[in-house]
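Number of protein chains: 2
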Amino acid sequence: MEFIELIKTPKHDNVVMIDSFGQKMEGTLCITSHHLIISSRNDQLNELFILHSMIDIVEKKANTTSSGGTIVLKCKNFRTLTFEIIGFIEFNNIASSIEWLSNLSDPRLLYPHFYNPEFNLVEDGWTAFQIESEFANLTNFSDEWRISTVNKNFDICPTYPESVIVPKSMSDENLIAIAQFRCLGRFPVLSYYHKSKKVILLRSGQPMVGSNSKRCKEDERLINTVLGAGRRGYIIETRTQNLAQLARNKGGGFELEMYYPLWKRVHKPIDRHSTLMDCLSKLVEVSNDTTLSMDKWLSKLDSSSWLSHIKDVLSSACLVAQCLDQEEVSVLVHGAEGMDSTLQVSSLSQVILNPDCRTVHGFEALIEREWLQAGHPFATRCKDSAYKQSNVRTREQSPIFLVFLDCVFQIYNQFSCSFEFNENFLILLFDNAYSSQFGTFLGNCVKERKEMNFAKKTVSLWSYVNRPEILKEYLNPLYEPNNSVLWPSVAPQSLELWKGMYCRWVTDSGPAKKALQKIKELISEEAELKAKAAKLRRSLALMISQEGTA
Amino acid sequence: MEFIELIKTPKHDNVVMIDSFGQKMEGTLCITSHHLIISSRNDQLNELFILHSMIDIVEKKANTTSSGGTIVLKCKNFRTLTFEIIGFIEFNNIASSIEWLSNLSDPRLLYPHFYNPEFNLVEDGWTAFQIESEFANLTNFSDEWRISTVNKNFDICPTYPESVIVPKSMSDENLIAIAQFRCLGRFPVLSYYHKSKKVILLRSGQPMVGSNSKRCKEDERLINTVLGAGRRGYIIETRTQNLAQLARNKGGGFELEMYYPLWKRVHKPIDRHSTLMDCLSKLVEVSNDTTLSMDKWLSKLDSSSWLSHIKDVLSSACLVAQCLDQEEVSVLVHGAEGMDSTLQVSSLSQVILNPDCRTVHGFEALIEREWLQAGHPFATRCKDSAYKQSNVRTREQSPIFLVFLDCVFQIYNQFSCSFEFNENFLILLFDNAYSSQFGTFLGNCVKERKEMNFAKKTVSLWSYVNRPEILKEYLNPLYEPNNSVLWPSVAPQSLELWKGMYCRWVTDSGPAKKALQKIKELISEEAELKAKAAKLRRSLALMISQEGTA
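Protein chains in written order, with my numbering: chain A, 2 to 551; chain B, 2 to 551.
Errors might be hidden in some of the hints.
Because identical chains share one entry, a pair is satisfied inside a single copy or across any pair of copies.
Taking lysine to any residue pairs in the SDA-like style, the calculated list, with each CA pair at most 25 Å apart, reads [stated by the list, open to error]:
| # | residue 1 | residue 2 |
| --- | --- | --- |
| 1 | Lys-533 | Ser-134 |
| 2 | Lys-514 | Trp-488 |
| 3 | Lys-519 | Glu-145 |
| 4 | Lys-301 | Thr-276 |
| 5 | Lys-514 | Asn-93 |
| 6 | Lys-515 | Cys-418 |
| 7 | Lys-521 | Asp-326 |
| 8 | Lys-448 | Glu-474 |
| 9 | Lys-515 | Asp-357 |
| 10 | Lys-458 | Gly-88 |
| 11 | Lys-199 | Lys-536 |
| 12 | Lys-473 | Ser-525 |
| 13 | Lys-297 | Glu-470 |
| 14 | Lys-196 | His-362 |
| 15 | Lys-451 | Ser-170 |
| 16 | Lys-519 | Glu-85 |
| 17 | Lys-515 | Ala-492 |
| 18 | Lys-521 | Asn-64 |
It is worth saying that the hints were derived from the structure and are not from the lab.
Fair warning: this is a prediction, and the values are worked out from it, not measured in the lab.
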């Protein structure tokens, strides 16, 4: 598709681009349907491609003295680029084209639908993570579960996938009844089976208890019987007691103790949506300003509250992991809708507990299972990033997924040998969740993705990244499989601002990359030497055997 | 020497020790002349030795309910240990013994005079760094310098060594005259010759200009002629303009422009002494408190001002390096006495400019030349560490050397492949500057060390650490010699709290150590494989040649 009518100046010469380091590049600016391209031919061809969808906001300032003006592009990955454009008409044309093209909301107009991969699909990421294989693995350890297709055609819960894992003891009719009692139909499903302790992690939406203390027998039966005889469980509620109570006025609420006597409710409140979005805006503003004094930097970092938030989420996940692994009791997590903070907690606790989730494939499976299939509304939450003014964004935009990735980074940072992937893999996921040539993060739930047929019309991020020549960039050379539970410290001394994420456009990562490169070289040299030694040994053996027969 | 009269309870059973992690250990506490030892025999022998001189303060609290009490030892390396002691008499005896023994000030009573090394001296650290070899190296590049022994017997400057490098054009008589004009007799000496640009770094004490604008012709001649024909220089003054001006009332001051017309004075003020000591106290208090909320942690870290201070010192060193390497002009650095902030700046700018200073031997030589020989008063500055209350310490105690090490850490952290040593080497130097079995950091200047004959009576830290079996712990496996100038970023985003130093007793460094270990293993495996391949290749070559002759 071409947006001819939106691109009045497709090409303009003598444009000066200034990056966050203050480095200048002069060249030709081209605007295509999906990309902004600047290329210079000073010494060698130097080109930068930016997806329009990566642009968060466009700031334009006409020159008062000469004809033309300055366009500042603030990107969703926190990069800032300034373009100086000569010619008033061109300046206006370019600015309005970018503004238009960066604000398309219909996913069918976005680049994933036009992207033509230059590689052969080895494994199709769209079909690589099936609930059946998860379930097959589960049946090795427990026979109390089944796959239900009660949600076929997304009839009872539009934000769930068509197949979910539920207790064998519950019939599909039971589930239909429960779905009516849970927020958005999000009935409790199995999130994780902690096999070493035979305990489970469930997640759901809030029960629609309301102010008149409505109850649902089927829900009570599911929740209470799932524990097993004589065992108790914890409900980890991601809202404050007060908020959970207030929710009752709007028909929501929490599990009333008298009807769920085996469960103890613990409130571990996690900030969400607009609060979190404001935190990120402040954080990104301060992270991009390299001229700050040290005390301004620290006080502004503090007042962004970002790290407090990271600490909260990580603490909640640690609590869930503790319940499962140390207290050996099952856990149900939910907040209101069960598609934001609930998923942060359920997925992070798996990173802590389950070594599989620290491999590339296992982490991708986790993202699929606990985020994409579980109905985290990526399209809505990640529509804008840090730069949009609070008055122009909707209340539904929020860096929930980024917080999760940041928490994974914190664990990775504390246990740097225990992850098969490196920090750049997390950054790749963040970037693609906000703007991508792949279809993986398009749409808000499985239903939307199916309706729009993304699996046929776009390429999966996993198809791209799992090819060995690409994946090698994202592998941690220090990885050593580690079957233990990882207990991250949540002391403030142990948590760090993720500079690779928030400061990546203003700090020189050259030396750090060099260190990583050095480690990689060591490993590949070692492999070569091993091969060489083996070859020599074979030649020697051959000669000896020939001597023997001569 | 035995301090029998000070140790009334040399041994006491059933003492419980609690470390900063809250880990308990029960065992026998022994007090010897120089050490406090706790050992338990639960599963295996578990022993901890602490030098009394490492203890900064002793806090005692008698039990009100049972007989005995609690002794908290706060160590100069920021460690905190709590001992629960049964028996009131023993509790009191032990507390007062430690208090006495940890406050001995005569260096002849300290452990270095009693320490008996269990290793053979390969190279004596006391004689390993001679000015003659520095000078021999210099003569390859410039013939304008000479070694002067004008300070023989420390006659003209008690805090300088007996031999210093000065311009050939200045006679010893000139130097005597200049010494009378400079604070504490600290006449300008060569600190570093930047050979690629043929410019020099000098350091000195402030000129004693006073309120009546005293001058010294010889001083002017030295400073002005040292530049070379037609060249200009910078004086980097480490005090504020105001402080430098106020110093004139007390006889001190700065180079008056009219008499030093080729020099431009730039003020790069660096905090010192009690201000700095307060910063460190606050920093250590907050670093040891793992119960803080994230915002309290950040706001307290901010209000300690420690990182601002690190940024200031690093910025000053960068400025000096820029003058020398980019503007290609010579620099003179001084503050008041020229033995604190002056040395921070002169030594750090060498770490930035001179790749030799980033090797183990070169860094040791730098510490010898720019700190020990240059008269930084280690005994006075490092008498107490972070815990002494401000009302009981003298104004002369200050973590000047720690700030230098922290700045080196910042450069190391940004260029982790460019240093032969690792972070632990810097921590080793810090620990030994405050409490040691070696004599290297005893005394305040060469004169004191010579008078007390430390070189004969104690072992040098360098003799210990330079043995390969010890040094391997302090080597950076990622080291790749790098001849470039390192330009560290001083943006607040690029500077980090040195957690390996300040938080080492409260954070688990296990995983980080494992990563380091992994890299080391890779390197040693690689070496083994190389040897194996070479051996195989030799066997093969031998067989081929034998076949040929057969």
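Just pull the numbers of the violated hints for me, sorted ascending. 1, 3, 5, 7, 8, 10, 11, 13, 15, 16 and 18
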